[in-house]
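In the order they appear, the protein sequences are chains C and Y. To convert, note that position 104 of the first sequence is 104 in full-length UniProt numbering; the numbers rise steadily by one, no gaps. To convert, note that position 21 of the second sequence is 21 in full-length UniProt numbering; the numbers rise steadily by one, no gaps.
Hints are computed from structural coordinates only; laboratory data are not their basis. This structure is a prediction, so every number in the text was calculated from the model and none was measured. Incorrect hints may appear among the rest.
As the list claims (entries may be wrong) - Covered by chain Y, per the in silico footprint, the following chain C stretches (three or more residues, Cβ under 8 Å):
id: 1; segment: 158-170
id: 2; segment: 195-201
Claimed, not checked - Cβ pair distances, simulated, as ranges:
id: 3; chain 1: Y; residue 1: His65; chain 2: C; residue 2: Pro22; range: 47 to 57 Å
id: 4; chain 1: C; residue 1: Asp184; chain 2: Y; residue 2: Gln178; range: 27 to 37 Å
id: 5; chain 1: Y; residue 1: Ser179; chain 2: C; residue 2: His204; range: 25 to 35 Å
id: 6; chain 1: C; residue 1: Arg71; chain 2: Y; residue 2: Gln178; range: 47 to 57 Å
id: 7; chain 1: Y; residue 1: Asp141; chain 2: C; residue 2: His204; range: 53 to 63 Å
id: 8; chain 1: Y; residue 1: Glu51; chain 2: C; residue 2: Ala69; range: 24 to 34 Å
id: 9; chain 1: Y; residue 1: Asp194; chain 2: C; residue 2: Gln183; range: 24 to 34 Å
id: 10; chain 1: Y; residue 1: Gln178; chain 2: C; residue 2: Ala33; range: 27 to 37 Å
id: 11; chain 1: Y; residue 1: Ile116; chain 2: C; residue 2: His204; range: 45 to 55 Å
id: 12; chain 1: C; residue 1: Ser123; chain 2: Y; residue 2: Gly154; range: 35 to 45 Å
id: 13; chain 1: Y; residue 1: Ser123; chain 2: C; residue 2: Asp141; range: 52 to 62 Å
id: 14; chain 1: C; residue 1: Asp141; chain 2: Y; residue 2: Asp45; range: 26 to 36 Å
id: 15; chain 1: C; residue 1: Asp181; chain 2: Y; residue 2: Arg145; range: 22 to 32 Å
id: 16; chain 1: Y; residue 1: Ser126; chain 2: C; residue 2: Asp184; range: 20 to 30 Å
Glycine is no exception: its CB is placed at the ideal position from the N, C-alpha and C atoms.
If you want the building blocks of each chain, they are given just below.
There are 2 protein chains.
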Amino acid sequence: MTLPYAFPMKTQRLPAPAGGRPLRADAERTMRAILEAAERTLSRDPAATMEQIAEAAGVARTTVHRRFATRDALIDALAVWATQRFAAAVDSAHPDTAPPLVALYQTTANVLSVKISWGFAMSQASSANPEVARVYSEIRDTCERLLRRAREAGVLRTDVDIPWTRRVYYALIHEAAQSRDDQDTDALATLVVDTLLRGAGAPHPDRL
Amino acid sequence: MTLPYAFPMKTQRLPAPAGGRPLRADAERTMRAILEAAERTLSRDPAATMEQIAEAAGVARTTVHRRFATRDALIDALAVWATQRFAAAVDSAHPDTAPPLVALYQTTANVLSVKISWGFAMSQASSANPEVARVYSEIRDTCERLLRRAREAGVLRTDVDIPWTRRVYYALIHEAAQSRDDQDTDALATLVVDTLLRGAGAPHPDRL
DNA sequence: AGAATACGCAACATCAATGTTGCAACTACG
DNA sequence: CGTAGTTGCAACATTGATGTTGCGTATTCT
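All chains, full assembly: derive it from the sequences and hints.
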């Protein structure tokens, strides 16, 4: 299945450090490398040390500390970084305006492509960072609005509970993102949406 | 909905300590208290310290160390302890012999009741303990056998992928177990099975 | 080229969690 | 009742991760 429009994966700028002064190009590269290494390393072992992250990034541990004062600051930056991509992924699918079913597929595909690369960071929604929490909360609202639109359009049953459906939807995306055999995102999105809508049951079973 | 038979919640004995000598009654009580406190504490914060666990159990930290030599040993014991209950929960639902749909409901209800109380411990399936891994693997097989039986009985569509369906099933149980408003297990089980079988979609939507 | 910035390295300081030990007081159990 | 087992408490040892600093070298940027 080909989706109506592709998620623009343009390179994003790192959020400017709180210090104010802009980063030199090599420093920004290093910072990016650290964030990516942190994601890789922490997704395998959430308790990985700064040392391990530094090694995975190919830099010295002190360099990591130069860019991120504390471990918490690193994880927080990681969460912010991933959250921006998450928000962009949702946004570019026009979840509030596209036809519900189209929006559902598109959002799913976009989010999957982010989640596959930033799984650990996106599991940090319970971040102490209020900005991250705010974005997650907004996305949650957007998602539930979309589901409500879908329900009103007859895509969902009229008796479904929206919060529960949303949680199931999130869980399905999470599962799909775990698939080691990285199929293409569209196939996974189809699987997710299909499962969400049709479930696994036969159309007319003899239910108890 | 009333289920055909109840999951027998009889008190289980703690696995005898490797040391050989049986525990005195008060010591066994303490050990149980520690395990329960560990579950409570670690489910809120997986990085909680031995100190916090001890406090939650109402004992001194040294007492925790007397019963569980190391932190790993405690978590391992917790995993073993919960795994036994997990296995018992599945077993008592007769997943291999009861009619598929009945078995599905019953297993779901039983597992939910365990998972609600032992959520953290059951998330330690990736335990280093081979016994735990073995039991989880067996249960996974049992689950897939059940799903296959359900498919052959016409409860599931003939084209569903069993491993994916199982993962979705696990994910639904996980979500249901998170419901803070502890509804009764049967209602949650109904929700899980219903969602798994029917999904959230309307019966005859105009699909793209 | 020159100034500013970034990096690796080594060394050090800190700290919190873990794990250990000894002893006195208490409790289960025969 | 007496013994063996259990607990709390205080004190100590250890360790691994974290965070800091200074300096020489390398890189970027203008």
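Hint check results:
no. : hint                              : in the structure
1   : 158-170                           : holds (count 6)
2   : 195-201                           : holds (count 7)
3   : His65(Y) x Pro22(C): 47 to 57 Å   : holds, 51 Å
4   : Asp184(C) x Gln178(Y): 27 to 37 Å : holds, 31 Å
5   : Ser179(Y) x His204(C): 25 to 35 Å : holds, 30 Å
6   : Arg71(C) x Gln178(Y): 47 to 57 Å  : violated, 27 Å
7   : Asp141(Y) x His204(C): 53 to 63 Å : violated, 29 Å
8   : Glu51(Y) x Ala69(C): 24 to 34 Å   : holds, 27 Å
9   : Asp194(Y) x Gln183(C): 24 to 34 Å : holds, 28 Å
10  : Gln178(Y) x Ala33(C): 27 to 37 Å  : holds, 35 Å
11  : Ile116(Y) x His204(C): 45 to 55 Å : violated, 33 Å
12  : Ser123(C) x Gly154(Y): 35 to 45 Å : holds, 38 Å
13  : Ser123(Y) x Asp141(C): 52 to 62 Å : violated, 28 Å
14  : Asp141(C) x Asp45(Y): 26 to 36 Å  : holds, 27 Å
15  : Asp181(C) x Arg145(Y): 22 to 32 Å : holds, 23 Å
16  : Ser126(Y) x Asp184(C): 20 to 30 Å : holds, 28 Å
Of the numbered hints listed earlier, those contradicted by the structure are 6, 7, 11 and 13.
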